[in-house]
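Participant: Chain order of the listed sequences is B and A. For the first sequence, the residue numbers in our numbering are 1 to 319. For the second sequence, the residue numbers in our numbering are 1 to 55.
Don't take every hint at face value.
Said to hold, decoys possible - Mimicking SDA-like on lysine to any residue, the simulated pairs with C-alpha atoms at most 25 Å apart in a straight line are:
1. B:LYS36 / A:ILE25
2. B:LYS36 / A:ALA26
3. B:LYS36 / A:SER30
4. B:LYS36 / A:GLN16
As the list claims (entries may be wrong) - Covered stretches of chain A, as calculated for chain B (at least 3 residues, CB under 8 Å):
5. 11-20
6. 30-40
Said to hold, decoys possible - Only part of the chain A face toward chain B is listed, based on derived beta-carbon distances under 8 Å:
7. ARG23
8. VAL44
9. PRO48
Since the hints were made in silico from the structure, they are not lab data. Think of the CB as a built atom: it goes at the ideal place given N, C-alpha and C, for glycine as much as any other residue.
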Amino acid sequence: MSLASDGAELSRPLGPAFARAEPSIASVEDYLALLKPRVMSLVVFTALVGMLVAPGHVHPVIGFTALLCIAIGAGASGALNMWYDADIDAVMTRTKSRPIPAGRVQPGEALAFGATLAVFSVATLGLLVNLLAGALLAFTIFFYVFVYTMWLKRSTPQNIVIGGAAGAFPPMIGWAAVTGDVTLAPVLMFLIIFLWTPPHFWALSLLKSDDYARAGVPMLPVVAGHDETRRQILIYSLILAPVGLAPSLFGFAGVLYGAVALGCGAMMLMLAWRVYRDRKGQPAVSAARKLFAFSLLYVFLLFAALLADYEIGGLGWLR
Amino acid sequence: MNTPYDENRIVLTEEQVRRRRGRSIAIALSLALFVVLVYAVTVVKLGPAVLVRPL
């Protein structure tokens, strides 16, 4: 569905406010903000779990290198996303204080920073760890920057559904860094994050739909309305809950993981149901806020449980 | 931030100089970390064999 004409037109290039050729006033903190450290923390955590539960052994120095490259690759994606989306960020309250729209970092600085880190992280991972992991990281950066940021985000309400794949790759890259291959277990980890992304971001977009509408971003609530978004959140949560259990059902994880996935899946479903049910006033806002907050916890808890399960022997069969 | 200019060159403000120094230090530390990383990985991957490889 093309929605370019439905919202406000997004103009590029960024205009005179972003085009001044003054000496840089960017601080180190501004550059660190370009890396989206909060997103990076989830990437690092899920990649670490992917590495630790993978069969085989990796030297700690190689493991650290892989994790560092994955983190920097994710940060590079964030910087390139902020470079391209500076016009959107400038009109959204949630993002207008980011370094580029706030005028602290020039777009060219962010582009050079992101591109340099992207090339270095991919090359280093490919040469120092293994080629498959490097190739997967390169594809992840490509997918996030070109497919999601430059194409899908501005053209379809399915943007975060398809684009969510970029955030789902890190555990697979972590796994590949250890084993040099990709099997069903990392695919299941990928699927959990992939299916978790829509309810997570749509809960946020219910709260920020005015922002997205002003910026002309065709998020689902802007295009299809809040009721349809609530229905889609419930559908994706209904799919996510059993997929979250899949590692146990397929024998990749044990009872501990299964219990956590069951409890967290039930909680996600209950909160998604409340979002679906409470459609007006403060209860609707509160329901969306609670789902968004818990969805963050959901991924951390599931991957932490996977790791704990492995540590107590639940994944011993993989060795 | 308005930057004072003289006839031939840009004169940085104190704040701009301070921030540039911060960025330079960060780049230096990053490069040092990269060198150490490549060294450590070389030792881990090749070990003593690093000295007996054909030239």
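Participant: Now look at each hint and say whether the structure bears it out.
Facilitator: Hint by hint, here is what the structure shows:
A hinted pair counts as satisfied when its Cα atoms are at most 25 Å apart, and LYS36 of chain B with ILE25 of chain A qualifies at roughly 21 Å. A C-alpha spacing of about 17 Å is found between LYS36 of chain B and ALA26 of chain A, which places the hinted pair at or below 25 Å, so the restraint holds. Taking the CA atoms of LYS36 of chain B and SER30 of chain A, the gap is near 18 Å; set against the 25 Å cutoff, the hint holds. Between LYS36 of chain B and GLN16 of chain A, the direct Cα distance comes to roughly 24 Å. Compliance with the 25 Å bound is thereby established for this hinted pair.
A stretch counts as covered by a chain when three or more of its residues have a beta carbon under 8 Å from one of that chain; for the region 11-20 of chain A and chain B the count is 5, and the coverage holds. Here the region 30-40 of chain A counts 4 residues with a CB under 8 Å from a CB of chain B, which clears the bar of 3, and the coverage holds. Hint on ARG23 of chain A holds. Least Cβ distance to chain B is approximately 6 Å, under the 8 Å limit. Interface restraint check for VAL44 of chain A: the shortest CB-CB distance to chain B comes to about 5 Å, inside 8 Å, so the restraint holds.
Look at PRO48 of chain A: its Cβ only gets to about 15 Å from chain B, farther than 8 Å, so that hint breaks.
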